[in-house]
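Asker: Hey, can you work out the whole structure from these sequences and the hints?
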Amino acid sequence: MCGFVGYFGTARDGRTLLERMTAAIAHRGPDEQGVFTAPEVGLGHARLSIVGLGDGQQPMSDATGELTIAFNGEIFNYVELREQLRARGRRFRTGSDTEVILHLYDEMGDDCLSVLNGDFAFALWDARRRRMLLARDRMGVRPLFYTQRDGRFYFASEVKALLQVPGVTAEIDPVALDQIFTLWAPIAPRTAFRDISELEPASLMIVQDGSVSTRPYWSLDYPDRDAPSRHTDEREAAEELRALLTEATRIRMRADVPVGAYLSGGLDSSITSALAVGMAPAGLKTFSVTFDSAEHDESAFQLEMARALGTEHRAVACREGDIAAVFPDVIRFTERPIIRTAPAPLFKLSGLVREAGLKVVLTGEGADEVFAGYDIFKENRVRRFCARQPGSRIRPHLFRKLYPYLPGLQQQSAEYLASFFGANGHATDDPLYSHRPRFDGTAATKLFFSGDLRGKLANYDAAEELASRLPAAFARWHPLHQAQYLEARFLLPGYILSSQGDRMAMAHGIEGRFPFLDHQLVEFAASLPPEMKLKGLVEKHILREATGDMLPPVIGKRTKQPYRAPDSASFVGAGAADYVEAALSEAAVGATGLFNPKAVAKLHEKCRARPATGFRDNAAFVGILSTQLWLKTFTGIDSRSQAA
1 MCGFVGYFGT
11 ARDGRTLLER
21 MTAAIAHRGP
31 DEQGVFTAPE
41 VGLGHARLSI
51 VGLGDGQQPM
61 SDATGELTIA
71 FNGEIFNYVE
81 LREQLRARGR
91 RFRTGSDTEV
101 ILHLYDEMGD
111 DCLSVLNGDF
121 AFALWDARRR
131 RMLLARDRMG
141 VRPLFYTQRD
151 GRFYFASEVK
161 ALLQVPGVTA
171 EIDPVALDQI
181 FTLWAPIAPR
191 TAFRDISELE
201 PASLMIVQDG
211 SVSTRPYWSL
221 DYPDRDAPSR
231 HTDEREAAEE
241 LRALLTEATR
251 IRMRADVPVG
261 AYLSGGLDSS
271 ITSALAVGMA
281 PAGLKTFSVT
291 FDSAEHDESA
301 FQLEMARALG
311 TEHRAVACRE
321 GDIAAVFPDV
331 IRFTERPIIR
341 TAPAPLFKLS
351 GLVREAGLKV
361 VLTGEGADEV
371 FAGYDIFKEN
381 RVRRFCARQP
391 GSRIRPHLFR
401 KLYPYLPGLQ
411 QQSAEYLASF
421 FGANGHATDD
431 PLYSHRPRFD
441 GTAATKLFFS
451 GDLRGKLANY
461 DAAEELASRL
471 PAAFARWHPL
481 HQAQYLEARF
491 LLPGYILSSQ
501 GDRMAMAHGI
511 EGRFPFLDHQ
521 LVEFAASLPP
531 EMKLKGLVEK
541 HILREATGDM
551 LPPVIGKRTK
561 QPYRAPDSAS
571 FVGAGAADYV
581 EAALSEAAVG
591 ATGLFNPKAV
601 AKLHEKCRAR
611 PATGFRDNAA
621 FVGILSTQLW
631 LKTFTGIDSR
641 SQAA
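The opening position of the sequence shown corresponds to residue 1 in this note's numbering, with each subsequent residue numbered one higher.
The hints are simulated quantities; they were obtained by calculation from the structure and are not laboratory data.
Bear in mind the structure is a predicted one, so any value in this text is a computation, not a measurement.
A few of these clues could be false.
[Claimed, not checked] Below, simulated DSS-like cross-link-like pairs (lysine-lysine); rule was C-alpha separation at most 25 Å, straight line: (1) K560 to K285; (2) K606 to K446; (3) K160 to K348; (4) K446 to K598.
Answerer: Here you go:
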């Protein structure tokens, strides 16, 4: 795991620029840095050494010197690929997975991407064809950003490196902000930065002869709704799932350094830890976050699982004031506004892993998207059930069963529940039907936008743009698969794997590995009948069947509790930090021009008076605060600049 930067086109003082860009992302690769330059091309690399410790330095060239790569991530099946290449007469100078990509590209060209099993982004310079190949992994685990200035093409693992390029400045993209305040994340290739783009997951880009072209090399697909399934025997499907998951975990344990695991106390991380513990000859270290708030804390389940597995377990406490203390750093690393505080405890967690001397951790992320674990999937089923009898007063009560961890919801009337979840408010053939309540609820935060920003966005609809990006086959899929696609293709890479994943881990030089996002496992899960994943209102049914004997019953039968953290309550009362008052002052809000200063002042006062406020106010508070911090961090705009 690392970070890389580069350019294509004549650049003044290219080596100095590369060194400056690489230094900006040194946290991604604190072990060593390297630079490669040739006429009109340059690559820089910050290395986190995990595989090939002594000979995996980058940028790496092949024996001819005509192919050079800067690579971020891991190719987990590199051992098998290397043996296949050796059998065909290829000779290797290193033990790294990076060299495997060079040989594969030399043999297969762009098609080499089809045989890579990994989490990666890379830039490969082909001097023979005078072209640059950029590529990103299938699920979007590793980031890659790019921009063009004065006829030159620049790219980097993080935007902060691109901001080192002369003429590249930070400016908020109002459309991206609207997408964040509706969909939780920008729709790639758009980013929070105007004129800076992100390569989409499962895509490759060719830069050659002054032109830039992009195309997908893989796509997430599901069977047609009425097509007969190849999986008719649940027991056989469960056995195949277990074998795939075991193999996905095994190859993700490959490293020349110890591998640990996150242990949240939920089903998914418990499964990955249970598989990993038998593959860690020196013992497995596990790590978790605890909260003072009973609503968010899962420490009892974490300790239960750690005891059952016999792991060396450590936890970092997220107490009152801790989220506020690290939140400015969180925004500096997310490089985008966010509407939840959930990344902050994970920032602290990766710091704990680094303090423990580890560089690599397994995580259970991805299981909910792949095996239909989120409440939104069950909610979608209940809403469709209610829509068939819109006059029923009994059916809306089913929503209470979905959210036992939200005590305030339990006291609401059937009418309120039906209205809140939009049980009768959207046409069931709407392609975004499953997500409309979330999008509508989040979009309500835009009430705090300034009049000027609303004017700029008057004819724009983020949800409709999302709908326009759906593949033609989407309409033929089962409603559950449609909902899964929306989560896996957009929110997963846009928020979960980015703001909560790569960026929080790499802030401390930690590589996260995701067995549930092995593309072979993802393809298998997509082919399963919906009822094997969501059986009635029991989420991840087939996963439970496949792994039940590995876990204590209290874990294996546990209902999904989404990972959450205190939101506005983290920034008021005893946990308040001085910068919060400054960032949300009428002067500061007025200086940035994106929000209504008086409305924000009222929101701030409301959250002070009642920290346990509703979703809209929590999301608006965090979204506004993070936007103000983003602007100060990357553009320098705040109340002091206004006063000056």
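Asker: With reference to the structure, classify each hint as holding or not holding.
Answerer: How the hints compare with the structure:
Of the pairs offered as hints, the one joining K560 and K285 holds, with about 24 Å between alpha carbons and a cut-off of 25 Å not exceeded. Proximity of K606 to K446 is assessed by CA-CA distance (about 17 Å); at most 25 Å being required, the pair is judged to hold. Annotation: proposed proximity of K160 to K348 holds, straight-line Cα distance about 21 Å (limit 25 Å). Distance restraint check for K446 and K598: the Cα-Cα separation of roughly 14 Å lies within the 25 Å cut-off, and the hinted pair is therefore satisfied.
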